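Novice: Using the sequences and the accompanying hints, generate a full structural model.
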Amino acid sequence: MGETVAAVVLLAALAVLAAGAAAFDASLAAGRVAIGDPLREAARLLVTQRRRTLLPDAPLRRIGVSGLPLVAVLAAAVLPMGEHAVADLPVGVVWFNGMEVGVWGALWLIGWSVNSVYPLVGGYRFLAQGLAYELPHMFALISAALGAGSLRVADVVAAQRGLWFAVWMPVAFAVYLISALAMAFWGPMNQAVGPDVAGGVPAELSGPDRLVFQAGRYTLLTVASAAAVPLFLGGGAGPALPPWSWTLVKTVAVLALLVWAGHRLPTIRMDRFMAATWLVLIPAVLLQILVVGIVVL
Amino acid sequence: MDVSGRLLRYAAGRPRPLVVTAPHATGVRLLAEAEIGRRGWRPAEAPAGASLLVVCGIPEDALARAVRTVWHQIAAPKAFVPLSPDRTAEAVAAELDAAVSRLADARAQREEAVRVPYGEPRGRDGGGRGGAEHHGDEGHGGHEHDMGRPGGVRMAERGPDRDGLALDRLHVPLGPVLPYWPAGLVVETTLQGDVIQEAEVRIAGGAAGAHGARAGATRFWDEPWLAARAGWPVTRGAAARRTAGAQLDSLARLLATAGWAGAAAEARRLRDRVLGEGPREEVVRRYDRFARRVGRSRLLRWMLHDLGAIDAPGGTDVPGWARGDVLDRTRHRLAGTAAALAVLDDRSPLDDEEGPRGPVGGHPSEALLAVLPGLLTGAELAAARLIVASLDPDLDQVRPGRVTAHG
Amino acid sequence: MTAQVVAFWTLAAVAVASGVAVFVTGSMARATFALLASLLAAGLTFLLIDLQYLSFLIIVMMVMEMLIMAVYMVMYMMNPAGLMPMTMVHNRRGAVLIASAVFVLLAVGVLLTPWPARRGAPPPDPTRQLGLSVMGPRMLVMIVIGVAILATMVAAIVLATDRGRYDRSGDEHDRWGRAT
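Residue numbers (my numbering), protein chains in the order written: chain A, 1 to 297; chain B, 1 to 407; chain C, 1 to 180.
Check before you lean on any hint, since a few could be wrong.
Claimed, not checked - Simulated DEER-style distance windows between Cβ atoms:
1. A:G2 <-> C:L140: 38 to 44 Å
2. C:S100 <-> A:G149: 26 to 32 Å
3. B:F80 <-> A:P59: 45 to 51 Å
4. C:V144 <-> A:L11: 42 to 48 Å
5. B:G374 <-> A:L46: 45 to 51 Å
6. A:A12 <-> C:N91: 52 to 58 Å
7. A:G31 <-> B:D2: 32 to 38 Å
8. C:L140 <-> A:V8: 44 to 50 Å
9. A:S245 <-> C:G146: 37 to 43 Å
10. C:A17 <-> A:V8: 30 to 36 Å
As the list claims (entries may be wrong) - Not close to chain B: a few residues of chain A, all C-beta gaps over 10 Å, as computed:
11. A19
12. I142
13. V280
14. V291
15. V295
It is worth saying that the hints were derived from the structure and are not from the lab. This one's a predicted model, so the numbers in the text were calculated from it and none came from an experiment. All residues carry an ideal CB built from backbone N, CA and C; glycine is no exception.
Specialist: If you want it as structure tokens, here you go:
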């Protein structure tokens, strides 16, 4: 019973936050307050026909399109909304990682299945991006887990009672933020859906398919932001307010930062970025782990 | 209780326009873009995401076929907005308003959706995997599965890549319907993965044919110089406005292609302000802030350097500003805009030939198109887009019969 | 207990069925994802013996691995989308013989092995217990080796790709990729 309520609350919170992110994004794009635009766009897509391409692989497209929001929601299940998560797994950090990797599959499947050049290029671009961001991302998660001595997200939160991990693991936190942008293929990491390939992966999606894709993308960005809170920003800890409201405030702050960064920065191409991740980010975050390990010992 | 009708009417106020521009229609494109920006509509990047097809100018030949294909591929509810080159700002706004009310007309939209079986894919010659919406070819309808041509599409052929592997090759045209792409330009590419192996430049839209030479083939960006040459009184300030507008327009395309949506939008707003006779002080103040932000961006520098370098164009008449790489050209455009803004109020008569893209009489865009295939060969798709955007050839300048270039 | 048994057999059936699907479909994409489904089903069985960490780790690794695999499967196969008739099976008779022989061998092995009976209760943290029994006192060595392997991988890739796919400046190839 309690779990069902928690799951409903989680879904509602994700929906509201994702819609909020879309509204903020639309406002930044239009240069004025445009809070209603995402709703109108959703309405438009609901009544728009579904697009057919030549010789598509329809089952794979369905798996890809529906998989995107699915993995986002499943990844969110281990994040504590106040004091409790929907599923407080003992290895929650690994679960989060596992679900988030599902994005690779979803994007490549959509890009492949519609049988069109630009989506296909977008799908492959995301795989290259995955190779660039995934290892630093994993090491950033491991830094937090090592600092807490546990893979349970609640333990990671508890370990930050004195000091936020973001403060004494700045490298891991910075790497996490970069990888959060990358996993939601957002802003500077949007090559998979870039304007240079006519929108990339979703270029051939219209109607409900596009709606689900867009909703999944904003949800993913929300979940990536929300995960930064228990992992690096002390979870629900804070003065005066109850934990759930602190979680919400911090999530909104990170989410707003990421959406804003999307309009402030140009796209990073993987042919240039790959060397930087493997030669700079991975060693840097490994050193971070070393420091954390020494401190914990 | 007509739910879908209500949704349709609710959504009609925020359409996603896909803007297609024919050669010699730059002026009306600027009006349409400005009006769309003012309304806060977000342009679509591909037909699948669009609900309005805004066609600026009069497409001919291959471009006309491409427009028909794209219109066919846009999912209902949809509206078609043809804007002839002589439309005023008020007329453009009125056309867009009319399109919104057509979008909101649930009955007509339903009839349209039933009458025209939408999006029925067509086979295409040499389409390989896709290239779907950006291909102008008609014909080959249906799903015939003859040997070697499933769905009427030729299978990819193979060719050696740089590492000696035999990899699939696809023939994919870039353009003419692509966001932030020069009007009427088509680059026929042979792709291996996302690397261009061969490139060939074509012009869609009729400028290459007999129609391009007809009277009224305007060259919007070169207008002040052509007018001065014809004996009209033109001030340096008026020409500088046009130069600044052209540079900002090219910068906006480059920044948008580079994925920097915020800076691109600011460049477009500045462009519209300059061309709309905005006061110099205000424009210069806003431009300085914009130029500082773009010029100082390390990320942009990192992404643009060493792309599409033109070093010693011996024997060619490539204008001087085009030398160097994409980053050099970006800096040159920023400097060119600043220089033009400095003389915005100069009322002395115009007596030079230096248009935004080089000597007006020299048709510099023809030289740009000539070097394009060589620059694109071996480039990855994203780099190729940035190279094209950094050169931003103006196809209005190109004389008929001076177009095809191979790489 | 019964729920566990049902879950095991369901996962086993899914693993085998999607394994078969790999060889039935002509599309490389479908084959890759069928194989992925099979491996995920195998990974999920680890949950039944409380090895959550290993289970999720297998999911992470397999998703990444199979997607990279998809790149190569698509790259090296003619007709990777399965749009033209093709078969994933070659040398049918030999394959049947080898597969049957291996199956019989494994089945006999399973039936003849004297499996130990359970003594005592499962430990509170089976993952930790498994790690200790595999690595034992050599934990520190293994960790150092792990980092060394990663460093070797990074270094090897850097050395192997001094020119990338897109980078054509500074090498002895012309624009077409032919040696000059």
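Novice: Give a verdict on every hint.
Specialist: Cross-check of the supplied hints:
no.	hint	verdict
1	A:G2 <-> C:L140: 38 to 44 Å	holds, 43 Å
2	C:S100 <-> A:G149: 26 to 32 Å	violated, 50 Å
3	B:F80 <-> A:P59: 45 to 51 Å	violated, 34 Å
4	C:V144 <-> A:L11: 42 to 48 Å	holds, 44 Å
5	B:G374 <-> A:L46: 45 to 51 Å	holds, 48 Å
6	A:A12 <-> C:N91: 52 to 58 Å	holds, 57 Å
7	A:G31 <-> B:D2: 32 to 38 Å	holds, 34 Å
8	C:L140 <-> A:V8: 44 to 50 Å	holds, 47 Å
9	A:S245 <-> C:G146: 37 to 43 Å	holds, 41 Å
10	C:A17 <-> A:V8: 30 to 36 Å	holds, 34 Å
11	A19	holds, 15 Å
12	I142	holds, 27 Å
13	V280	holds, 12 Å
14	V291	holds, 27 Å
15	V295	holds, 32 Å
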